[in-house]
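The listed protein sequences correspond, in order, to chains A and B. Under my numbering, read the first sequence as residues 1 to 324, first letter to last. Under my numbering, read the second sequence as residues 1001 to 1248, first letter to last.
To be clear, the hints were calculated from the coordinates, so they are not data collected in a lab. Keep in mind that the hints are not guaranteed to be accurate.
Cut-off 30 Å, straight-line C-alpha distance, at most; resulting in silico cross-link-like pairs (DSBU-like, lysine-lysine) [unchecked claim]: (1) A:K191 x B:K1116; (2) B:K1048 x B:K1162; (3) A:K191 x B:K1162; (4) B:K1104 x B:K1162; (5) B:K1026 x B:K1075; (6) B:K1162 x B:K1114; (7) B:K1104 x A:K191; (8) B:K1134 x A:K191; (9) B:K1239 x B:K1022; (10) A:K191 x B:K1114; (11) B:K1191 x B:K1048; (12) B:K1048 x B:K1026; (13) B:K1066 x B:K1228; (14) B:K1162 x B:K1067; (15) B:K1134 x B:K1116.
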Amino acid sequence: MSNNNSFLSNYFHRNGRALGSIGYFVLLMVIFLIGAPEAWIRPNLHQSVFVMMPTLIFLTIPLVFLVASGEIDLSFASTYAVAAYVFALLVKNGIDPAICLVLGIFTGAAIGALVGTLIVVFRLSSLVASLGVLFLLRGVILLLSNSRSITIMEVENHWIYPLLVGNFYGFPMQIFWAAIFVIFCYYFFNKHVFGIHIQHVGDNSVSAEQMGINVNAVKIKAFMFVGIGSAIGGIFTTMITYTFFPTQGFGYLLLALAAVFVGGTPYWGGLGTIIGAVFGVGIIAYMEIGIIAIGWSGEWRQFFNGLIILLALLGHRLHGERVR
Amino acid sequence: MENIIELDNVTKRFGGITALNKASLKVTRGEVVGLIGDNGAGKSTLIKTLVGVYSPDEGDIIIRGKKVNAWNALKARESGIETVFQDRALTPQQSIVKNIFMGKELRYPFGFIKEKEQIIEANRLIREIGFTSKLINAESPVGNLSGGERQGVAIARAIYNKAELIVLDEPTNNLSLNETQKVFDFVLNVKKSNRSVLFIGHNIYHVYDISDRFVILDRGEVVHQLNKDDISTPEELMKIMRDTIGAH
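Looking at chain B on its own, in the form it has when it is part of the complex:
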């Protein structure tokens, strides 16, 4: 399987602190990778490096087999890496379609908007990622949606922006069981479309349920990587996590 992105021995320092220490990680096409680790384990530094907010001090970023120099946010987006941050960057009083096209509207000359085309595309996108309720369509205001559904709108926008890899930062935080399941459905649909997801979460059970592979991070180092096939319960994953964290 093709690697969408590969981090090879990436180190990132801030002053005297080493936030990432020779971290290696790859995401292949069509897989869901769960990234777990305690607070301060370096998850957010890793994500920000992945999406080009930080460029590594040492080590390489390799996109589809090719090493990329001077990694930055623009290059990350051009490489098809889109992030859905915790606050999701939505404008709740506006419609779903306006949110999906925010900042990237389809335009006629002189800046008028191709409204009909946007609505058709937005409806297609939200159905594709698994919006099933007939009460919701592209023109529904985002503010009327539940937390999980809002996550879905942000994911749909990432797909519209031609994402190959969608980075979800704590997407199930503060969501009910029901809403979490919705987010899982969205993620599975993204996977079905042969795109990849990097799923970051606190809740081991959530990460376990949705991921094909797990990457455990501790104090800036990738301390363990394993496939879902290697274990059979979330408790097992929890145990491995406990055993590896602090042991190295």
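So that you can see chain A by itself, here it is in the shape it has in the complex:
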């Protein structure tokens, strides 16, 4: 019996936060289903959520790694656009889109590495420094692109288009890529040295350092991962809409951050949940669309987004305080 108790309590320690956000997601579904049953059983509502979710997943999941390492990044919303710009510009110049994709992702990783190095080496506040980078990079894009969008219809005829963002028996391909990304990240966070070291570093960086973990390297890698995720998100969206536009990504800034925290990853570092974040993304995506579906005006969206963030924080609070 007592063994059973410790099993349950360990299980709850490991999974309680993820279970919490699953609970919220189910609750939200039930509310919408009661609020607008006829809209809810129509498949096209869920299809539009499925189009939105992958991008948000590519942004949110790497942020879980970074927040668990004890840092935060706001600049990802601009990195998203820089990578998309590099991709679109190169495609427009006749370079093979597959190569452009790789270079775009590489751009994201490089920006992440730079932001991470800046913050770690100069011991800057990641919140403030990445806010600076957010504006700086956005400015760079606006200047470089002359605030003009780039249309790249030509990607449609390339083999990467159906592979990455095509249609597979009615499901957008990016759903499958996002699912693969989630599975990969789940193992990467929970069963890989990278994720484990991130958790130690975010928990107590002095202890981690004493036990021989290179704290700075771990943090810079986490920033790079965020850069890579943002680049993938930006390039996918650009391919789906055939268009790069210079303000792209800005709208995801707060949504992705909200998804991390609604998903049950605490802000103080050391803990994180990939599964929770997926449901966090689900909650945010369904909120965006569900409010309209139940017949309320779009003005209510932000109100409910705010409400759900606060309720989620209060709920996760019940799961427990930070242990020291």
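Knowing the structure of chain A, use the given hints to seat chain B on it.
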């Protein structure tokens, strides 16, 4: 009995200050040595020299009978000397198993972790050093443990790192009676496994209870060494300490 480590007339200076003055000390296999002395007596310099953070200006470090040149932290760890510092270097939100393997995870190729093997080994280690509660296993978060138990996790980690000599720096500080007893049990189990412990403490009663031998340090010098058999009460040890300190 084999000497795990021997400090022979070790002197360490910082600028004009002599922090250690011709200090000699040895720890043999399977014994618990209590190191006592007032604040500023040179305990922490002695420990840091022992674990290779400082290398001596004069004198020799002898490991299992062999003199070692250019003593440093890496050589100390390779010689099986592990320190458990006061803050224990734990990450409280993580599980016991993650803490024991922190920085030294068992890995498959590409950096994935051998989780099952780690859990089995961690469970074995914490049972070996004397965790008896069924409520605690390798997957329990360290933050749910008491102060004494956290000390136990740090000791288990030292054993996993192949420690022959575990240096415990004030392990019973701020611990209740009950928790102190737990730490003593852990130390006795370490001793039973034929490893050695250097136990540093402020509290003479704690040091007296657990140690086989005492080393008294004052103003950088080892002023007295005695076996537990030589005395019969902690008060006697206290008296010897009072008499020797400041008398030399």
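To see whether the hints hold, each was checked on the structure:
1. At most 30 Å may separate the alpha-carbon atoms for a hinted pair to count; K191 of chain A and K1116 of chain B meet this at roughly 11 Å.
2. Proximity of K1048 of chain B to K1162 of chain B is assessed by CA-CA distance (about 19 Å); at most 30 Å being required, the pair is judged to hold.
3. Note on K191 of chain A and K1162 of chain B: the hinted pairing holds, with a Cα-Cα distance of about 24 Å set against a maximum of 30 Å.
4. As the CA atoms of K1104 of chain B and K1162 of chain B are separated by approximately 12 Å, the hinted pair is consistent with the 30 Å bound.
5. For the suggested pair K1026 of chain B and K1075 of chain B, the alpha carbons sit about 17 Å apart, so the restraint of at most 30 Å is met.
6. Distance check on the hinted pair: K1162 of chain B and K1114 of chain B sit about 19 Å apart at the alpha-carbon level, within 30 Å; holds.
7. This hinted pair checks out: K1104 of chain B and K191 of chain A have alpha carbons roughly 14 Å apart, not beyond 30 Å.
8. Pair hint K1134 of chain B plus K191 of chain A holds up; C-alpha atoms about 26 Å apart against a cutoff of 30 Å.
9. Straight-line distance between C-alpha atoms of K1239 of chain B and K1022 of chain B comes to about 24 Å, which keeps the hinted pair within the 30 Å bound.
10. Taken as a hint, the K191 of chain A and K1114 of chain B pair is honoured in the structure, with Cα atoms around 8 Å apart against an allowance of 30 Å.
11. Distance hint between K1191 of chain B and K1048 of chain B is fulfilled; the C-alpha atoms sit about 22 Å from each other, no more than 30 Å.
12. Proximity of K1048 of chain B to K1026 of chain B is assessed by CA-CA distance (about 15 Å); at most 30 Å being required, the pair is judged to hold.
13. The straight-line distance between the Cα atoms of K1066 of chain B and K1228 of chain B is roughly 28 Å, inside the 30 Å bound, and the hint therefore holds.
14. Restraint check for K1162 of chain B and K1067 of chain B: the C-alpha separation of about 21 Å stays at or below 30 Å, so the hint holds.
15. Only pairs whose Cα atoms come within 30 Å are accepted, and K1134 of chain B paired with K1116 of chain B is accepted, the gap being roughly 19 Å.
The structure fails none of the hints (numbered hints given earlier).
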